[in-house]
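Trainee: Now for the letters of each chain:
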Amino acid sequence: MTIGLTHYLVLSAVLFCIGLYGALTRRNAVIILMCIEIMLNAVNISLVAFSSYVVPMLLTGQVFAIFVMVVAAAEVAVGLAIIFAIFRHFTDIDVNNIHLMKW
Amino acid sequence: MGLAAAFWIMAVVMVASALAVLFLRNVFRAALALILCFIAVAGIYITLSADFLAAVQILVYVGAISVLIILAIMMTREVQQGNPVNKLEIPAAVVAVVLLGIMVYAVTNTPWSISAQAPLSPTTVPLATRLFSEHGFILPVEIGATLLLAAILGAIVITREK
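Chains A and B, in that order, give the protein sequences.
Under our numbering, the letters of the first sequence match residues 130 to 232, in that order.
Under our numbering, the letters of the second sequence match residues 4 to 165, in that order.
Worth flagging that the hints you see were computed from the coordinates, not collected in a lab.
If you're wondering where the values come from, they're calculated on a predicted model, not measured in any experiment.
Don't be surprised by glycine CBs; every beta carbon is placed ideally from N, CA and C.
Careful: at least some of the hints might be erroneous.
Said to hold, decoys possible - Cβ pair distances, simulated, as ranges:
(1) B/9 to A/200: 43 to 49 angstroms
(2) A/183 to B/131: 20 to 26 angstroms
(3) A/229 to B/141: 39 to 45 angstroms
(4) B/102 to A/223: 22 to 28 angstroms
(5) B/162 to A/230: 19 to 25 angstroms
(6) B/80 to A/184: 43 to 49 angstroms
To be verified - Okay, the calculated bits of chain A under chain B, using three or more residues with CB under 8 angstroms as the criterion:
(7) 137-147
(8) 153-166
(9) 170-180
(10) 197-207
(11) 210-217
Isolated chain A, as found in the complex (with noise of 0.2 angstroms):
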């Protein structure tokens, strides 16, 4: 059986998955932002697979893949240091007990 575009789909849709049912149930906030950069790594490999097998020479998949890893890039810093901001003030990250903007 050759490996195919469905292949690379359906492997996308699973790390995807597994991403968001992390990101969903995690107390950890460190934990929650890494399961959020799974999500984006699935999402980057079913562009790179749409690249490769549906447009292979105008390789308009992999330039968007370059645009999502660059804003992957700025989430994490901005993500990490309000993850900073938030423990100092706290000196605890479990999304549970910061609860100050619920009513």
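Got chain A sorted already, so can you dock chain B onto it with the hints?
Mentor: Using the frame of chain A, we list chain B on its own:
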């Protein structure tokens, strides 16, 4: 045949290490599993003949982002506290499984228009041409640079001691 073997090895390593990120009790070991997952994703890029993206994946994710995450774990001293879950475990599992089922159904039942051409290889020069040529993506590249600068400044301002 070699490509199929590489794909299956990378896929198994990737899914197993992503599950390890979720279910390891020690947060530091979860970060190490996340690095393994990123390396497997780089291998998947190589099987898709996206060599430049594989190198960028190693540089940015394995090199930079994982170091940032490990730094955050060390700074917040949560290693011994473990990896607790909230009350949403069962609904979130249902949501994730249903979403996975919908996506697999949609992917397997869509007639994709697969191109007969072999993908470009190596991709570095064509990617640079796409990004920086006159009718390419030069404006998004500049916006990306501005976004990174803003993110650096924002991170410094947020973490600065008063």
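Trainee: Go through the numbered hints given earlier and state which of them the structure violates, listing their numbers in rising order.
Mentor: 1
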